[in-house]
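Chain order of the listed sequences is Y and Z.
In terms of our numbering, the first sequence opens at residue 24 and continues consecutively.
In terms of our numbering, the second sequence opens at residue 3 and continues consecutively.
Derived from the structure by calculation, the hints contain no laboratory data.
None of the values given here were measured: they were computed from a predicted structure.
Careful: at least some of the hints might be erroneous.
Heads up, incomplete: computed chain Z residues facing chain Y, CB under 8 Å, no partners named [said to hold, decoys possible]:
#	residue
1	Tyr75
2	Ile92
3	His93
4	Gly94
5	Lys98
6	Leu100
7	Gly135
8	Gly138
9	Gln152
Note that beta-carbon positions come from the ideal geometry of N, C-alpha and C, so glycine has one too.
Read off the chains here:
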Amino acid sequence: MSKVDELTKRAEKARGKKAAYGPDIPLESYTSNAPAHKKVQTLKTLPPNYQSQSLGVGIDAKEDERSGSYFQLDTSVVYSKTSAQDVEVLSVTEALDKYDWLKDYWWKTVAVDADKYTAQAALNFSNGYFIRAKAGAKTVLPIQACMFLAQESLSQNVHNIIIAEEGSEMHIISGCRTAEELSHGIHVGVSEFFIKEGAKCSFSMIHNWGPEVAVRPRSGVIIEKDATFINNYVCLKPVKSLQMYPTLRCVGENATALSYSLLYATEGSHMDVGARVILEAERCKADVIARTITNGGEIISRGNLTALHGDVKGHLECRGLMLGDHGRIFAVPELDGAVPDVDMSHEAAVGRIAEEEITYLMTRGLSEDEATSAIVRGFLDVEIKGVPPALQEEMRRAVHTTEGMGL
Amino acid sequence: MLDIQNLHVEVDGKPILKGLDLHVNEGETHAIFGQNGSGKTTLVLTIMGFPRYRVTDGRILFKKKDITDLPVYERARLGIGISFQHPPAIHGVKLKDLVDIAAQHSKRTFKTEEVAETVNIPPDFLTRDVNFGFSGGEVKRTELLQLLAQNPDLVLLDEPDSGVDLENIELVGETINKLLDRDKRSRKRRKAGLIITHAGGILKIVKADRAHVLVDGQIACSGNPGELLTDICELGYEECVKCQR
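Assemble the whole structure, with the sequences as input and the hints as a guide.
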């Protein structure tokens, strides 16, 4: 049986398999078909409302300070381009045609039969992106990739492959959002990352889904010797149900995995988000940092560090802030040391903003709302190591615009 | 400037101030003495409008306006400023941002870095989270920096010299003198101040016009700050308690 047939068979078997975490989403209520959208010559020719909506998730239609762009509207890749040397940005379908070797990366870090969502991505595949920095290529300006969901009741099932070859450096900003008028939809996204020896890659996701949209990303990362992967996740807008728990494997010595999540859940939103890092070689390091805020929604903030090799180091941190009288934050930090000589720690704290802090700021002339906003903004202002200034700025902008609208 | 009439205040249901009267004119600085627990901090936090301090009777007038029920920030915007004895640390809020916000409300140009130097706060300190990991003296100097930015007409100072090291005590005192217009001739002074002090050390540098001794939530006696302090030093606060009875 060919590899493709085998994958299909496994996916078929997992079609009804519920995920380990998160509420079960009935995939039958969605369609995986959408009318094709035409390709565009530049992002500036996209409908203006799509352009402005994408801006909120870090996608700049002018492509200022970007070294490449990918834009997928529903199931159609309408734009892909790169201006950086030795960096490729293609639809994954094109890439699979172009490179025979790519099939060796396909479903390598995520199991096709992990659950019904991975099965959905395999069986009803609606493209995705392929981003690759060739060996030694270093680009500081980020590459932007947008997954835009506009078709009512669509299940957008993408599969992305990201490869940072030996000694390369690249930064990706991945913005996902739904059209404002869309009321019902699901995004299923499989992303597989390969960070080769000595490479550095940051991946910053800014999500803005709708209050009736379900989201099931499924990501796997392999980090080789002396390589660094930085995963940033920002979701500060309403979403019906978001569940993801990517696995980052540090397989080579001195590999580093850093994960930062900023979550803000309003009433009606359910987020079950975390990161799992497996430290499999000596001198591997991991930091998993989460800042979560509920203003009526429910957040399950997970973190898992598993040490399979001695002489490794890891830290988990989950801080949760409760605004308002409703909502829930459930922090689940897990440390799993299977060998001696490991150094892993965690800290978790969940609570309300202390009244004395608000009053203190009010004595300097801030109103109660302004004082609360300043504290919330400060809470989310996590210093992210290793990302270029343009990206820091995008993250900060995402926080600031939410804070203005949401409080 | 400040007129407090028959003020009764409860904290968590427990009466702390029991009919306090106090009058502070424009240009005047008053010192408040008292034992621990006599109600000194309660007095300034009530003037500032802290919600935990519940006024059960009496009223507070500021610039002839009844502010008894105004929220904290409105009092701040009307021109009341405070330096706390133990302010909270605020994660993620940078000192410079807070100083800039305070200055914005005073509607003047304020050169934060320059003024910070004058109170011995180096520029890198301004990028730190407010009061986070600050020493006792650093807390007091950054409180004063915020007040300089705010430029209030009535300045409430709760133990402004506690925890300040000897090298900086003069600097703290002189900064308070500036805030309270004490560096101007008496006719030119427009600011008013209340200084809470248990031991009275700061009054060697900041010359108060008048002093009051607080005993069990009331003003037991008032008079010349130097004389009152001498009496307290010689006879102790116990004598004030007896005197009131």
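Against the structure, the hints:
1. A cut of 8 Å between beta carbons decides the hint on Tyr75 of chain Z: the least distance to chain Y is about 4 Å, and the hint holds.
2. Interface hint status for Ile92 of chain Z: upheld, as the beta-carbon distance to the closest one in chain Y is roughly 5 Å, under 8 Å.
3. Interface restraint check for His93 of chain Z: the shortest CB-CB distance to chain Y comes to about 6 Å, inside 8 Å, so the restraint holds.
4. Hint status for Gly94 of chain Z relative to chain Y: holds, with the closest Cβ pair at about 2 Å, below 8 Å.
5. Using the Cβ-Cβ criterion of 8 Å, the hint placing Lys98 of chain Z at the interface with chain Y is not satisfied: the shortest such distance is roughly 13 Å.
6. Of the supplied interface hints, the one on Leu100 of chain Z holds, with its beta-carbon coming within about 6 Å of a beta-carbon of chain Y, less than 8 Å.
7. Because the beta carbon of Gly135 of chain Z sits about 15 Å from the nearest beta carbon in chain Y, more than 8 Å, this interface hint is broken.
8. With its C-beta approaching chain Y no nearer than about 17 Å, Gly138 of chain Z sits outside the 8 Å limit, and its interface hint is violated.
9. Against a cut-off of 8 Å between C-beta atoms, the interface hint on Gln152 of chain Z holds, since the closest Cβ of chain Y lies about 6 Å away.
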